[in-house]
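Please build the complete structure, drawing on both the sequences and the hints.
Chains as they are written, first to last, in the working numbering: chain A, 1 to 168; chain B, 1 to 168.
Rather than coming from a laboratory, the hints here were simulated on the basis of the structure. This one's a predicted model, so the numbers in the text were calculated from it and none came from an experiment. C-beta: ideal position from N, C-alpha, C; glycine also.
Below, computed lysine to aspartate or glutamate pairings styled on EDC-like, alpha-carbon distance capped at 20 Å:
id : chain 1 : residue 1 : chain 2 : residue 2
1  : A       : K128      : A       : E47
2  : B       : K128      : B       : E61
3  : A       : K128      : B       : D12
4  : A       : K51       : A       : E137
5  : B       : K128      : A       : D12
6  : B       : K128      : A       : E18
7  : A       : K78       : B       : D8
8  : A       : K128      : B       : E18
9  : A       : K128      : B       : D24
10 : B       : K51       : B       : D122
Calculated Cβ distances over 10 Å to all of chain A for the following chain B residues:
id : residue
11 : L50
12 : A73
13 : G101
14 : I104
15 : S106
16 : T114
Chain by chain, the residues:
Protein chains: 2
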Amino acid sequence: MGTPLPRDPIADARLNWERHGWSDVAAPMAAITAIMRTQQILLGRIEAVLKPFGLTFARYELLALLSFARSGALPMNKASALLQVHPTSVTNAVDRLQEAGLVIRSPHPTDGRTTLIELTSDGRALAKRATAVLNSEVFGQSGFGDQDVDQLIRILGTFRRNAGDFSG
Amino acid sequence: MGTPLPRDPIADARLNWERHGWSDVAAPMAAITAIMRTQQILLGRIEAVLKPFGLTFARYELLALLSFARSGALPMNKASALLQVHPTSVTNAVDRLQEAGLVIRSPHPTDGRTTLIELTSDGRALAKRATAVLNSEVFGQSGFGDQDVDQLIRILGTFRRNAGDFSG
DNA sequence: TCCAAACCCTTGGATGTCCTAGTATATTGC
DNA sequence: GCAATATACTAGGACATCCAAGGGTTTGGA
Chain A
1 MGTPLPRDPI ADARLNWERH GWSDVAAPMA AITAIMRTQQ ILLGRIEAVL KPFGLTFARY
61 ELLALLSFAR SGALPMNKAS ALLQVHPTSV TNAVDRLQEA GLVIRSPHPT DGRTTLIELT
121 SDGRALAKRA TAVLNSEVFG QSGFGDQDVD QLIRILGTFR RNAGDFSG
Chain B
1 MGTPLPRDPI ADARLNWERH GWSDVAAPMA AITAIMRTQQ ILLGRIEAVL KPFGLTFARY
61 ELLALLSFAR SGALPMNKAS ALLQVHPTSV TNAVDRLQEA GLVIRSPHPT DGRTTLIELT
121 SDGRALAKRA TAVLNSEVFG QSGFGDQDVD QLIRILGTFR RNAGDFSG
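Quick look at the structure:
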């Protein structure tokens, strides 16, 4: 990982696609592969920033989501839907956050099937500190130009809507 | 996952960021979060297509990379660099591909430290079939417009170069 | 009223990714 | 020529993600 490659591997893959007669899908292949790689780079940066807090991105996302809920609590199925991850992933994250004393599980007042995740004061404080560093170290230095940020939001927003993420 | 959300959770997160006084980084936060989510959606589609072949995306990428090498063989460290993943991830993928009879390990002729990964004829055939389906089912139906594909390639290409992926 | 279907969460299993450490082989410098 | 350093791969561990299955709770139709 340390040393940059002499050539862009994704551009090379695109050339290979074209050479094999798949020119019609070479460009979207390159775009999709670039998204995969960009995600990998960004996730690496985020995890590096969160590590000193004892957080992973998955746990941070849950903590941040709870901190924006008015009551500081959410049902697990709601968290799963909003974070768009499998329910078992939420179970996993809550287990670890609970061990760390950042959230607690509490029964839903009216629905016996549902478990509420509730932020502790420690959890709320940690979410705040982690967000501040994430803002300054990652989001504030994304490396994307302002116009490109707008383009990404537009393009990926359309894609996500078409993929069935949301109906708005 | 099944039902679309009534609202875009990323747009909501952006509003939350702005409400908390982080307007200066709200847009890049939204763009980065959208990249993470888009990657998740695309990976899901790809894995669904590859599953009938007994392949995962990681294994497919390795297979495809080998199929483009003239000799059909590559040193593991080379594969790790080109795929931009950790060497242990390549070891893992090769283990499983080898069990499936799709690749074999062979010693490097001059460097005793190095192991070559070599495509078997089964591996080459499977890579070809999987690529065909991936092209028609995923890359050919990406949901991105032609202009958006070009924008993505440009924006993410710049990002990756600045991140140190390649020097070209 | 009551049982079947739907829903919620958890457990167990399979994969992939990374990190750290360890073993083996090459290369470099004295 | 030999020791020190660098490189290549593998083993073990921590996490996260998904799927399939299981047990408890609600809901809704007969």
